[in-house]
Structure formats: C-alpha cells, structure tokens
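Asker: Below, each chain spelled out in residue letters.
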Amino acid sequence: MIEEYKGVWVFIEEREGEIAGVSLELLGAGRDLANKLEVPLAGFLLGNNIKGLANTCFEYGADEVYLIDDPILQNYRTEPFMHGASHLIRKYKPEIILYGATSNGKDLASAIATDISTGLTADTTMLDVDVEKRLFEASRPAFGGNIMATILCKKHRPQMATVRPKVMKALPPEKGRNGTVIEEKLGLEEKSLRTKVLEIVRDTTKKASLADAHIIVAGGKGMGDEKNFQLLYEFADVIGATVGGTRDVVEAGWLDHHLQIGQTGETVSPKIYFAFGISGAIQHVVGMKNSELIIAVNKDPNAAIFDASHYGIVGDAMEILPLLIQEFKAALEKSGGVMEHV
Amino acid sequence: MHIVVCVKQVPDTKIIKVNPKTNTLDRRGVPAILNPYDGHAVEEAVRIKEQVGGKVTVLSMGPPQATEVIKKCIEIGADAGYLITDRRFAGADTLATSYALYNALDKISKNDPIDLVICGLHAIDGDTGQVGPGIARRLNIPPVTKVIKIDEVNESEKYIKIHRKIEDGYEVIQSQLPCLITVEKEINEVSYSPMPNMIKAARYQPVIWTVDDFEGVDIAQLGLKGSPTIVGKMWAPQPPEKAKILEGSPNEQVKEIVSTIFAEKSELFGQ
Ligand SMILES: Cc1cc2nc3c(=O)[nH]c(=O)nc-3n(C[C@H](O)[C@H](O)[C@H](O)COP(=O)(O)OP(=O)(O)OC[C@H]3O[C@@H](n4cnc5c(N)ncnc54)[C@H](O)[C@@H]3O)c2cc1C
Ligand SMILES: Cc1cc2nc3c(=O)[nH]c(=O)nc-3n(C[C@H](O)[C@H](O)[C@H](O)COP(=O)(O)OP(=O)(O)OC[C@H]3O[C@@H](n4cnc5c(N)ncnc54)[C@H](O)[C@@H]3O)c2cc1C
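Sequence order for the protein chains is U and A. Residue 1 is where the first sequence starts when you use the numbering used here, and the numbers rise one by one after that. Residue 1001 is where the second sequence starts when you use the numbering used here, and the numbers rise one by one after that.
These are calculated hints, taken from the structure and not from any lab test. Just so you know, not all the hints are guaranteed correct.
[Claimed, not checked] Simulated DEER-style distance windows between Cβ atoms:
hint, chain 1, residue 1, chain 2, residue 2, range
1, A, P1194, U, I182, 37 to 45 angstroms
2, U, V131, A, I1148, 40 to 48 angstroms
3, U, E292, A, G1029, 40 to 48 angstroms
4, A, K1225, U, L193, 30 to 38 angstroms
5, A, E1241, U, L193, 51 to 59 angstroms
[What the hints assert, rightly or not] Chain A is nowhere near these chain U residues, computed Cβ spacing over 12 angstroms in every case:
hint, residue
6, K6
7, T56
8, R177
9, E184
10, L186
11, K221
12, G224
13, F306
Everything numeric in this text was worked out from a predicted model, so none of it was measured. Ideal Cβ positions, reconstructed from N, Cα and C, are used throughout, including at glycine.
The whole structure should be built from the sequences, with the hints applied where relevant.
Answerer: Printed below as a string of structure tokens:
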C-alpha cells in the first residue's frame, strides 16, 4: 500500500567525521518538499561513532535522524550500507529519499533501488512535488543538457533520486534546533562480508579544489595559449580565487583534468565566476550556471556565454585581465588590502 | 577465469530526437556505437584474460542492430557474444534493464560459471550508472563501482584487488570473486585490434536470445511494464536572461565591474 509511506528522507553522507556538503544541501531541498507535503524531514546516517552528527542534521533542518552506528560501517562499502539502509526503509517507510550524486551516494542508491525494487532517478538538478497526488517530480538534464526530463515513479515507494552536489542550497544552521533520534542495529558480522577497504589514499592537492572555491577564474580556448593562462593565475592570486577551465582547454593540455568545469567535469557554484574566452557551450554552462555572480569577457558580442552571465565585457581577455589585476589591487589596498577567505 | 562484460549500443551524437507521444528516444538516423566506457571494460577483461587465462564473453540487450557492437568487442578481443533482443524488453528503466541482463547472466553461468562481471561506469545516453550495481544485487555478488585500476586478480584464492575512485582520491579494495565492477575510462587505453580479431569479428554472429529463452522469467518485471520510473515530460530549459553588457572604454568597463563586485559581494572583501 503506497499510502503507508510517509515522510522525506535524506541520506547523510559522512566523510572522516564530517557531514558532506551535499547532504546539508539536500536537507535544505528536503525541507521544502517536506513542508509542502506536511510531513517530517529525516536524515538517515550510517557509520562508526557518528551519533554526534545527529545534532548537525537538526540544525540544518531535519526533524528526525535514523541512525545505525556500527564498527562495520567505518568505511563505505555497498553491501553493509545497503543492508542497513534497506532495513530502515522497509521498517519506517519514507515516501521520498534523496541521495547526493557522489561516488558513494550513487552506488548506494542504485543498490537499494534494486534491493527494495523501486524507481531511482539519476543526477537530478530540480526537485518538486505534486502535493495532491503526493508524486515526486525529479528532473534531470538529458542529452548534454539540451533538454530536461522529469521522471516520475507512480506506483512504487519510496520515490528516490540522486541529486547533483552544489545545485541545492543548504539552510542557514539554526543553533540549538532539536529533533528525535531513532536508532537501529545493523546485525551483520564482519566475517560474512565479501569486501574489505584496505586503504584510502586521499589526494590532498585536489582538496583545495573547485568545489570549495568562493571565487573561480575560468579560462577557455579564447585565452590563446598556455602562456596566457599565467594571467589567470596572477588575477586569481590577487583576488584569492581558484583557476578552472573548459574541456577544450583541458584537452589542449593547458590545465589539469580535475579543474574542468561542466557536464563531464565539476559542477561549481562559487560566489563569483569569471569566464575569460569561453564560448558558453551548454556542456560548460550546466556546470557553472548556479554561480551567484557570473562575469564574462569575450571578444564576440554574440557568444553564448553572455546568455549565461550577469555582466559582460565585450573585449580581448589579454587586454582586460591586466586592467582587472591593477584595478583590484588598488581597490583591495583601499579596503584594507586583505581578502577574506570565508 | 570467465569474465562477462555488459555492453550497450548507444547513439553516437547529441542529435537525438524524442518521440513526443511516448517520450522515448527516437534513434532512427542516428549512428550507433559501442558505449565508450564499455570499450574500456572489454579491454580490461581482455588484459585480465591475457594475464591469468580464461574467457571473455560480452552481453548486450538491444535491437538486432546491436550485433554490431558485439562484433566491435570481438575485435577488441572478446571470445563470445550474446545479444538479448525482444520487443518485450523495450522501454526498460534501469530496474527492468538489470532484471533482463540478470536473466541472461544467470543462463550463461549455468553452463560456464562467471567469476567477474564488468560494466561501464555509465552509458553516455541514459547516463544513470545504475545498471551495474543493480545487476550485482540481483546476482547477489558484491559490486565495486568507479574502478580505475586492477592491482591483482588472484584466481586460486578467488579475490581481486582494485582501486576505486572517490571524490578526493581512491580506495584500495579487496573483493571476493565473483564480483561486479564498473570501470572509469582512465582504467586503460583501448589498444588497436590485431588483424586476426578483425577477421574473426567480421564473420562473427552472436548467440541471440529472446524472452522465451529464459525459463521462469517474470514478464511483468521486463520492459516498460516492469519499469517503476517513467519519463513524465521532456522540456527545454528556460533560456537564461542576457548579461548586462558594459559600455565605455576597457578602462571604464573594468572600473565599473570592480565596483559592482565590491557592492554585490562585499562579504568577500572584508567589508
Ligand atoms: C559529451 C560532451 C561533454 C562535454 N563536456 C564538457 C565539459 O564538461 N566542460 C566543458 O567546458 N566543455 C565540455 N564539452 C565541450 C563543449 O561542447 C565546448 O566544446 C567547450 O566548452 C568549448 O570550450 P571553449 O569555450 O574553451 O572554446 P571555444 O568554443 O573555442 O570558445 C573560445 C571562445 O573564446 C573567444 N575568444 C577568442 N579569443 C579571445 C580573446 N582574445 N579574448 C576574449 N575572448 C576570446 C571566442 O569568441 C570564443 O567564444 C563537452 C562536449 C561534449 C560533446
Ligand atoms: C532522458 C532519459 C532519462 C532517463 N532517466 C532514468 C532514470 O533517472 N532512472 C532510470 O532508472 N532510468 C532512466 N532512464 C532509462 C535508462 O536510460 C534505461 O534503463 C537504460 O536501458 C539503462 O540505463 P543507462 O543507459 O543509464 O545505463 P547505465 O546504468 O548508465 O549503464 C552502465 C553500464 O551498464 C551496462 N548496460 C547498460 N545498459 C545495457 C544494455 N542495454 N545492455 C548491456 N549492458 C548494459 C553497460 O556496461 C553500461 O556501461 C532514462 C532514459 C532517458 C531516455
């Protein structure tokens, strides 16, 4: 009976004792859905020594937290996580579940969908709900972002979706906000498990990456050559930004692959995004369009990037960049000269 | 070592039409290719076979023309291919797709037990990445997604050691065999096919199965009928508002943009 299913859940992904940013974003998005449906919003959390994280979930909008705390869940592994999560879902029957479209979020959601035999919409960027029919409307870009598809799951519950990071907005945390913790047991033994995580190798250079940048200075093929990219680094240095770029620039070898922005690279949403010599292909735009303030410099007045920006300068990037560097230096000096890295 | 690779035929270009009545893909006139990730999957299987011996089988679900991608896999070095094709498979979402492929894998393994299943990380058309983990669940074998390297395949002790990509690095995972892995493109470079493979591929005809070849299959779980998700509607995203194009000399434009940024994003600049 699908009427038995009530409530909106968010998978709370934990990394090294901290909640992943995307999970907080999804609590924000989930809050909105739960309010519309007039049901509680819950986080569900699996891990080892993770009880302390429940309060963070409450502060970011959850009314309830379902959790399983077990040494077996120290590192993510599909089977024990699926086992625990499926148990929670079968017992408490939520109507909607959101997962971050991360390595582990996608992996887990796919396994759960098959285990409990329900629908799963992949890599969504827009969420809504038809309150009357209690139908979850999850939309995703298709065919390179040229078209959006709204996927429905009418006859199965829960209705599930993975959601791209950096698309939804977390609510401002409300200190002291409280909720209910519901705890369950995992009931598995290590020796029954078929996979082991032997080691986790973290690339610390990648950590200070695009995802966390508040300002991004991005360059495209219009920068001319690799040498001109130095201007971008110089500008980025002055304003405390991270440099990124288009796929064409990565393919030309001017920039490392992990700094590619777009459909097949990173999705970013910094406070300021500068685009220099970028044409504004849809595959690039889907990765940066959620930035708060977008400024484009392109010598072609008809470049598509101007359709995706707030302010545009029609001109030569190699002429504008030195001027920007100079003007920012002067302005920063006047305002105290320090960049606040919030 | 018996490795089965699941391979999908996908449209080559972005020029795909959508049938407005059914909201499904209209593939007519669009050239079809082997899903690029699946090419890497077959390549990896062939490399494992070269190391430890055994056999590489490929499996595809699709229209009769999907024979072409199976031939392509034979070129890369696969030994045998199966195509499951039937109107009753059509319109499947990922749940129904994994059910159909599971039935074929189950039948293949009856004659020739499977040690390892390899899938691509995702297919470039549907682009969900959900089919691989779905198959693993149905076969009740552990899945490891996003594999970028195979460190060791130990046939006698029946385990595999692999690197799995995560957001900020990779994990080293040991998994019992049989298991299912999905591979990233960076796992290998697909090598040029040797001439004998090309000749074999040209003549190759895969084994073709329909729904009727699967004993005890639950038809209600196949195709459009067996799919919990449906495409509700397709729509073009709203074109964004045009940028405010600044005027004046380059110097004036830059001055204006800097003061705009300071005004709109003062929190970034310690004010
Ligand atoms: C399946 C698929 C996935 C893709 N994924 C991505 C992705 O993730 N990310 C991505 O970025 N792309 C992606 N692409 C590629 C994308 O379609 C574009 O080809 C790419 O974004 C273009 O890069 P660009 O803007 O740097 O180069 P171009 O399109 O060559 O644009 C250069 C621009 O610079 C301008 N210009 C030239 N000289 C100057 C100058 N002196 N000063 C100022 N402006 C100048 C030109 O007017 C032009 O607009 C993908 C494509 C496909 C098919
Ligand atoms: C616009 C659009 C949006 C869609 N969104 C969703 C959605 O959100 N959720 C959903 O459940 N379905 C969705 N579908 C349906 C989905 O595309 C199909 O179920 C498709 O058959 C398999 O999914 P995929 O292409 O995403 O494969 P993926 O899961 O991305 O494929 C991963 C790997 O699985 C193997 N594989 C996949 N298909 C086959 C095959 N036919 N034969 C052999 N091996 C295969 C390959 O190794 C492949 O590399 C959507 C379809 C469209 C047209």
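Asker: Hint by hint, note whether the structure agrees.
Answerer: Hint by hint, here is what the structure shows:
no.: 1; hint: A:P1194 / U:I182: 37 to 45 angstroms; result: violated (60 angstroms)
no.: 2; hint: U:V131 / A:I1148: 40 to 48 angstroms; result: holds (44 angstroms)
no.: 3; hint: U:E292 / A:G1029: 40 to 48 angstroms; result: holds (42 angstroms)
no.: 4; hint: A:K1225 / U:L193: 30 to 38 angstroms; result: holds (35 angstroms)
no.: 5; hint: A:E1241 / U:L193: 51 to 59 angstroms; result: holds (53 angstroms)
no.: 6; hint: K6; result: holds (19 angstroms)
no.: 7; hint: T56; result: holds (19 angstroms)
no.: 8; hint: R177; result: holds (24 angstroms)
no.: 9; hint: E184; result: holds (21 angstroms)
no.: 10; hint: L186; result: holds (17 angstroms)
no.: 11; hint: K221; result: holds (19 angstroms)
no.: 12; hint: G224; result: holds (17 angstroms)
no.: 13; hint: F306; result: violated (4 angstroms)
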